[in-house]
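Construct all of the structure, not just a fragment, from the sequences and the given hints.
Going by the working numbering, the final residue of the sequence shown carries number 375, and the count climbs one at a time with no gaps.
Hints were generated in silico from the structure; no laboratory data involved. Cβ coordinates follow ideal geometry from the N, Cα and C atoms, glycine included. Treat each hint with caution, since some may be false.
To be verified - Between beta-carbon pairs, the in silico distance windows are:
1) His194 x Gly241: 49 to 55 Å
2) Asp359 x Asp286: 48 to 54 Å
3) Tyr251 x Asp168: 20 to 26 Å
4) Ile333 x Arg129: 30 to 36 Å
5) Asp168 x Gln206: 20 to 26 Å
6) Tyr251 x Ser207: 35 to 41 Å
7) Ala124 x Arg304: 39 to 45 Å
8) Thr332 x Gly295: 32 to 38 Å
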Amino acid sequence: MDSNRIEKKLNNRRLEYLTQPEVADQLKRNPLVILPAGSVEQHGPHLPAGTDIFAANIIAEAVAEKMDGLVIPGGPLGVTPFHMPFEATITLSHETYIRVVVETCQSLAQHGARRLMILNWHEGNSSSLAIAAERLHREFGLSVLTVQACYVAQEMYGPTSGGLTHGGEIETLAIMASYPDLVYLDRVNSSSDGGHGSKMDKLRRTRAYQPVLSDIRAIAPTGWYGKPEKATIDKGQKMVADLASAISERSSEIFDLLDEVNGGLATLDRLEKGS
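As structure tokens, this is what we get:
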């Protein structure tokens, strides 16, 4: 890691790089914490196994800068049995992952955090995060918002980048913006059929009909598909900046609305008191 990269990390908004007084001051100034959620799993021959957590981290840092928040470490692993047929994948069970998320954020609630944004880049985490978020709100009083950053990227960049595909341009842009030395575009030679992959991804992402798939090879026999060749560092940095702006603006609005109703807890209190 070069000195510029170290300097950047030592001066960003990540809790693990700050001292105790710095963390205390930050939480007093703004009790917003942001938990990046991702995974460690295969992403083909051209992207690192840490793609999902690297993407979540860099976007979380950019959002924290805009919202004056604190990025907290949740660990790199996620729920990804879907990718276990391929080496470089490490998965947690749903139960373990929920516990890690809850206990991590519970600690921050004890230290004064009041708003929690879970910024997720891995679809396989979604159901576990929904359970964890519910517990953190009900049991510890946190105002919780889960942002599916990969879907925000799909909405904003999908039309020009071939959609949200596993190992495609959008994910490559995220790594170009964070760890460009870990991108190997000269190794792109084994993409699965894009038409089949897009059809299967569209099917599993619908709201009304939700099939269960147990193996990435049902979507992409080689483990990935897409067209990452046009990804550049400049385009990646622009994507991260655009996502951070969109996420911070909309999240601020949602947190303000949640404050008005106390995430529904205010209504529950009134009902329980019979008023």
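To see whether the hints hold, each was checked on the structure:
1. His194 x Gly241: 49 to 55 Å: violated, 24 Å
2. Asp359 x Asp286: 48 to 54 Å: Given range 48 to 54 Å: holds, Cβ gap about 50 Å.
3. Tyr251 x Asp168: 20 to 26 Å: Taking Cβ atoms as reference, Tyr251 and Asp168 lie about 25 Å apart, which means the hint holds.
4. Ile333 x Arg129: 30 to 36 Å: Between Ile333 and Arg129, where Cβ atoms are some 33 Å apart, the hint holds.
5. Asp168 x Gln206: 20 to 26 Å: holds, 23 Å
6. Tyr251 x Ser207: 35 to 41 Å: violated, 28 Å
7. Ala124 x Arg304: 39 to 45 Å: holds, 43 Å
8. Thr332 x Gly295: 32 to 38 Å: violated, 26 Å
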